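Student: Chains as they are written, first to last, in my numbering: chain S, 1 to 400; chain P, 1 to 400.
What the hints contain is simulated information worked out from the structure, not anything from laboratory work.
Bear in mind the structure is a predicted one, so any value in this text is a computation, not a measurement.
Please note: incorrect hints may appear among the correct ones.
Copies of the same chain are indistinguishable here, so a pair counts whether it falls within one copy or spans any two.
Okay, derived cross-link-like pairs now, BS3-like style, lysine-lysine, Cα gap no bigger than 30 Å in a straight line [to be verified]:
(1) K261 <-> K350
(2) K350 <-> K270
(3) K211 <-> K273
(4) K354 <-> K24
(5) K293 <-> K273
(6) K126 <-> K244
(7) K64 <-> K106
2 protein chains.
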Amino acid sequence: MNSKRESVCFPEGFLAGGLSCGIKKDGGKDLALIFSPSECISAATFTTNRVKSYSVLWSIRNIKNPINAILINSGNANAACGEEGWNITVRIMEELSAALNVPAKKILFASTGLIGNTLPEETINKSLKTLVERLSSQSGMDAAESIITTDRTIKTENIITSIPGRKKNSHVKLGAMAKGAGMINPNMATMLAFITTDAVISKELLHLALKEAVGESFNMLTIDNDQSTNDTVFCLANGKAGNKNIRQNSEEFAVFYRALKDVCISLAKKIAKDGEGAKKFIEVSVYDAWSKKDARRIAKRIAGSNLVKTAIAGEWPNWGRIMAAAGSVCARMDLSKLKLEIGQWTVYNKNPVKINGSALKDYLSGNEINIKIHVAMGKESATAWGCDLTEDYVNINKRE
Amino acid sequence: MNSKRESVCFPEGFLAGGLSCGIKKDGGKDLALIFSPSECISAATFTTNRVKSYSVLWSIRNIKNPINAILINSGNANAACGEEGWNITVRIMEELSAALNVPAKKILFASTGLIGNTLPEETINKSLKTLVERLSSQSGMDAAESIITTDRTIKTENIITSIPGRKKNSHVKLGAMAKGAGMINPNMATMLAFITTDAVISKELLHLALKEAVGESFNMLTIDNDQSTNDTVFCLANGKAGNKNIRQNSEEFAVFYRALKDVCISLAKKIAKDGEGAKKFIEVSVYDAWSKKDARRIAKRIAGSNLVKTAIAGEWPNWGRIMAAAGSVCARMDLSKLKLEIGQWTVYNKNPVKINGSALKDYLSGNEINIKIHVAMGKESATAWGCDLTEDYVNINKRE
């Protein structure tokens with residue numbers, strides 16, 4: 001896996017590394033570093049939870065600066081761990097600053113794991129020098145492996161855009177890694193994503209593009225309606241592609257935004273498919289809603305409904321639960337106009353539709369379920385992703 | 001059980017009845033009637049779901065009128081069942097009107113059951129006359145049994161207030177029945193409650209009292225965050241106690257409101273305890289919040305969090321999940337002021353508190369779990385109720 005440039009090392013000029021420093025009791029990799037020797041323009045979206053990880057607080061403070069590196073630990077959320085939490089965070093950042101020879105304010109930090117335990121400062125600090133020594137353009141997959149917790153899969157993405165770079169035949173690239181077994185994990189709770197690009201782009205435009213892309217991807221992902229203290233999406237742009245600066249409303253911006261959105265949607269779907277205990281992936285598309293907000297609310301509510309999720313786990317075409325979930329949000333809806341499809345079957349079209357129950361059950365026995373709801377109130381659409389709710393989800397989250 | 005006046009027949013002048021008409025395939029009782037020969041002042045709160053049962057739509061239209069009766073069926077939600085649904089509803093009400101010799105507009109209607117199936121008009125109509133013949137002041141428990149679906153318990157309440165009636169040694173009484181195995185049921189979704197009283201009270205005051213009481217009780221109940229198309233709480237007051245009219249801001253109003261709130265809270269707790277697959281009852285109290293809304297939001301979010309509910313199912317004192325749930329709502333909160341208690345144990349007080357893990361685990365092995373969170377931002381408090389999330393919940397809701 002380490003034989004080529006991929007994951008966050010896919011774009012020019014990004015190095016990465018990952019190792020086991022001893023936070024995880026099982027000896028799994030738990031510390032990752034992304035590094036660009038050239039300063040990066042950066043953008044981020046953070047959890048809106050009032051209980052924020054100290055790592056999130058550190059990054060919120062420094063996201064305005066030019067950025068060279070992001071440190072990520074798994075196995076400990078660095079959240080709700082008391083007043084000393086902030087001081088420990090600062091000292092780890094200073095230690096890494098010395099090892100990288102980069103000011104601490106140019107380093108971001110992300111953590112994922114159990115809430116309420118103090119971050120093991122010594123355990124992390126003693127490994128920082130080794131982590132820096134291992135930085136390479138071939139270690140993107142090591143980093144991606146170091147940020148997961150109980151994820152069943154490592155989640156990365158690489159995209160080459162059509163935006164030409166300075167060198168002959170070169171193009172702007174994006175690379176990315178993410179973790180999250182559905183917002184939630186047995187002991188741990190977090191969704192993290194890290195996107196790198198060698199694009200030349202302004203901070204304002206990068207922020208705009210990331211905010212929009214996250215709105216269409218990670219924010220449309222729901223596993224259990226539980227929001228973490230640590231959710232973070234970072235995007236770093238180091239300008240190494242040497243492309244013509246991407247300007248607002250330009251063709252190039254449209255291409256860059258599309259690529260960024262594709263990266264985010266691909267990672268979001270991978271997280272939904274890896275949901276705790278999940279056996280089925282669910283995609284809910286809402287069409288012709290009055291507003292974008294209405295479309296998103298309806299799509300997310302259906303994908304997040306425990307009753308819809310258990311019905312799908314049971315391969316039971318109980319479409320009444322989908323209708324009840326859709327109706328429960330604050331969005332314009334009228335039963336006499338509505339059309340509901342499960343897979344290729346229309347189950348409701350202004351009135352209930354007589355369906356071939358066994359064909360629909362056959363469809364529900366598959367592991368990718370599509371739900372489409374045509375609201376007929378306007379022109380906006382949205383798609384949300386989730387997974388079924390199984391006994392395994394409960395069992396996994398009961399265990400210490 | 002039928003030997004005395006209880007449930008909705010507890011106050012003077014109310015009759016009730018219940019029987020099996022054939023909606024439920026297992027032959028269980030599925031049709032109930034509450035009747036007061038004297039017209040009643042009425043108040044109600046209805047689901048805010050955009051997909052409303054035709055029974056709810058009928059009752060919304062007629063709640064302004066003086067009321068004599070409420071018909072309730074279980075086994076079919078009378079929701080999302082197509083254009084004919086409304087006409088069927090009207091014809092059933094007209095049939096009952098003839099049998100009771102009361103105008104249809106003075107009858108309310110409530111339904112609970114599977115969404116999307118047409119109400120079996122003939123099946124219901126052929127039993128209405130028998131149902132009317134069986135009306136008696138001794139049949140409150142028959143009615144209470146006829147409105148449940150997969151509830152494990154019949155839920156009723158009787159209260160005598162200190163407000164004196166016209167007769168010597170008589171007092172204003174309240175009676176009630178409810179159904180709901182946690183908003184949700186295998187095939188069915190609904191919480192219904194019916195409260196009767198013989199109080200003399202104005203429509204405006206009854207509405208005010210019911211709205212407040214529901215806000216403090218049923219609206220603070222959460223099993224799975226799924227909202228039904230049929231949720232309804234009705235209160236009928238027939239004035240038979242002959243008490244001095246209850247006026248706003250009077251001592252009597254305070255007593256009446258307190259009794260109504262007690263009835264509602266008692267029924268809400270009974271519903272939480274009977275949650276699908278639930279083994280543990282959870283009570284979450286929030287103190288010293290900035291506003292009532294903040295207090296309610298935090299309490300409901302904790303009681304409704306899948307991660308908190310699974311941790312409690314696993315008897316695992318993962319208080320970090322409680323903090324994360326509290327922080328995820330839009331409410332004023334500051335970790336450096338917050339205090340969190342599980343049972344009699346303080347687990348966080350501005351900082352994490354070292355706890356006796358085994359004592360706390362002992363506490364969590366019980367079947368009533370109390371969580372208290374002191375926000376220290378203001379003076380408002382709220383309490384929410386829920387239950388743990390078990391594999392049984394998933395299993396029950398997977399099945400057809």
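Student: For the identical chains here, do K350 and K270 meet the 30 Å Cα criterion within one copy, between copies, both, or neither?
Tutor: neither (34 Å within a copy, 38 Å between copies)
Student: Under a CA distance limit of 30 Å, which applies to K354 and K24: within one copy, between copies, both, or neither?
Tutor: Only across copies: K354 and K24 sit 22 Å apart there, 54 Å inside one copy, limit 30 Å.
Student: Indicate which option fits the pair K293, K273 if close means a Cα-Cα distance not exceeding 30 Å: within, between, both or neither.
Tutor: Within one copy, since 25 Å is at most 30 Å while 36 Å is not.
Student: Is the C-alpha distance from K211 to K273 at most 30 Å within one copy, between copies, in both cases, or in neither?
Tutor: Answer is within; shortest intra-copy Cα gap is 23 Å, inter-copy 43 Å.
Student: Reference check for the pair K64 and K106, CA-CA at most 30 Å: within, between, both, or neither?
Tutor: within (9 Å within a copy, 66 Å between copies)
Student: Checking K126 and K244: alpha-carbon separation at most 30 Å within a copy, between copies, both or neither?
Tutor: Intra 42 Å, inter 79 Å, cutoff 30 Å: neither.
Student: Is it within a copy, between copies, both, or neither that the alpha carbon of K261 lies no farther than 30 Å from that of K350?
Tutor: Result: close neither inside a copy nor across copies, 34 Å intra and 40 Å inter.
Violated hints, listed in ascending order, are 1, 2, 6; each of the other numbered hints is respected by the structure.
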